[in-house]
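All chains, full assembly: derive it from the sequences and hints.
Quick note, the sequences are listed as chains A and B, same order. Quick note: the first sequence uses numbering that gives the first Met the number 0, first residue 0, plus one each step. Quick note: the second sequence uses numbering that gives the first Met the number 0, first residue 0, plus one each step.
None of these hints come from the bench; they were simulated from the model. Some hints could be false.
The list treats identical chains as one, so a pair stands whether inside a single copy or across any two.
Okay, derived cross-link-like pairs now, DSBU-like style, lysine-lysine, Cα gap no bigger than 35 Å in a straight line [to be verified]:
| hint | residue 1 | residue 2 |
| --- | --- | --- |
| 1 | LYS43 | LYS195 |
| 2 | LYS99 | LYS194 |
| 3 | LYS113 | LYS195 |
| 4 | LYS49 | LYS194 |
| 5 | LYS194 | LYS21 |
| 6 | LYS43 | LYS87 |
| 7 | LYS195 | LYS49 |
| 8 | LYS21 | LYS94 |
| 9 | LYS13 | LYS87 |
| 10 | LYS195 | LYS3 |
| 11 | LYS3 | LYS99 |
| 12 | LYS77 | LYS3 |
| 13 | LYS195 | LYS71 |
| 14 | LYS43 | LYS13 |
| 15 | LYS130 | LYS71 |
2 protein chains.
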Amino acid sequence: MYPKSLEQLIQSFKLLPGVGEKTAERYALLIYESEIQDVEQFAKALMDVKENLHACKICGNLCEDCECDLCKDDTRNKRVIFVVQSAKDVIAMEKTNEFKGVYHVLNGLISATKGVMPEDLNIASLIERAKDADEIIIGTSATMDGETTAMYLDRLLAMQVPNVLVTRIAHGLPSGGMLDYADEVTLTHALSDRKKMQ
Amino acid sequence: MYPKSLEQLIQSFKLLPGVGEKTAERYALLIYESEIQDVEQFAKALMDVKENLHACKICGNLCEDCECDLCKDDTRNKRVIFVVQSAKDVIAMEKTNEFKGVYHVLNGLISATKGVMPEDLNIASLIERAKDADEIIIGTSATMDGETTAMYLDRLLAMQVPNVLVTRIAHGLPSGGMLDYADEVTLTHALSDRKKMQ
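Listed below in structure tokens is the structure:
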């Protein structure tokens, strides 16, 4: 129904997560109405990401060089490693400005339903890095797959690098969270991990 | 925080309607993980839309030639013109397969709040086309701006092309609509435009 070039762009937009026919149509029509230089920049940015972006060879974070800015930063404590699922989590954590160690990006989680096995993840190099570390903080999500991966990493590290301290980020009520809206698992965690008030 | 090429792509995605920082991040990371040929196709589709797509010189609908497929179609009744806000509406209407006339795309609506004046719209050529038409169906949305535009077009056509019949699409309860969920304006229309049952 749409002219061919517009239809093609709609199909491309539909590759994006959560974008259906209607949204892709809106996006494509906006592109038609946009300034040519914005669209040129968009097309260039797409190709640049594919051509220039790599995984850091140390931690697996996204970067344009062989090593990411965080791994290259000598002021950071290389002996504390925060393990996360994806590069997005590194950004989220860095926004807090609370963590001064380094990261390790797994590029996924172990998942029975999605058929993701430990060997599909960036785990082998974590074991190598753990040998020179004091603490490994497992920062995977508080989901089924996140917990499975956390448990797997804990056991693997206990076997292969017995001297390193393995910790898990706290579970509990989120900031602004209301008790009566929290699910049972959250409340169970919030209760069992309670701590003495100052 | 993100590598430069990724940040640039996130900025480009944020130009799309309703796309904020988080969504743009998800889109950009998906592009990083996509197949190179899909991304190449995406970049090409963006440029193609800017370079190949034009407004039909007769009706203002989107097309790749000077005239759109609907205006070129000799089986359609050129004496009945359905006036819509945008090319999206043409597609929506064509999906019903009920209308066999031609369209006229205004490319917007008169809007006091957005500062869109009648002279910003594709109205002058509608008056020209109306001179050879039997009926002009005003198919703008049932919103404030849609009604304003409909009223303006009705008066303008009555002055300039007094012999043409000007009609407005029906307002009322949408298919599947529940009476107790409908707002008062909809119900008022549904009542006043009631018709005899067969």
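Hints, verified against the model:
{"no.": "1", "hint": "LYS43 with LYS195", "result": "neither (54 Å within a copy, 60 Å between copies)"}
{"no.": "2", "hint": "LYS99 with LYS194", "result": "within (24 Å within a copy, 73 Å between copies)"}
{"no.": "3", "hint": "LYS113 with LYS195", "result": "neither (40 Å within a copy, 57 Å between copies)"}
{"no.": "4", "hint": "LYS49 with LYS194", "result": "neither (47 Å within a copy, 60 Å between copies)"}
{"no.": "5", "hint": "LYS194 with LYS21", "result": "between (49 Å within a copy, 33 Å between copies)"}
{"no.": "6", "hint": "LYS43 with LYS87", "result": "both (22 Å within a copy, 27 Å between copies)"}
{"no.": "7", "hint": "LYS195 with LYS49", "result": "neither (50 Å within a copy, 62 Å between copies)"}
{"no.": "8", "hint": "LYS21 with LYS94", "result": "both (34 Å within a copy, 14 Å between copies)"}
{"no.": "9", "hint": "LYS13 with LYS87", "result": "both (22 Å within a copy, 17 Å between copies)"}
{"no.": "10", "hint": "LYS195 with LYS3", "result": "neither (65 Å within a copy, 44 Å between copies)"}
{"no.": "11", "hint": "LYS3 with LYS99", "result": "between (51 Å within a copy, 22 Å between copies)"}
{"no.": "12", "hint": "LYS77 with LYS3", "result": "between (53 Å within a copy, 24 Å between copies)"}
{"no.": "13", "hint": "LYS195 with LYS71", "result": "neither (38 Å within a copy, 78 Å between copies)"}
{"no.": "14", "hint": "LYS43 with LYS13", "result": "both (19 Å within a copy, 15 Å between copies)"}
{"no.": "15", "hint": "LYS130 with LYS71", "result": "within (19 Å within a copy, 72 Å between copies)"}
When each numbered hint is compared with the structure, violations occur for hints 1, 3, 4, 7, 10, 13.
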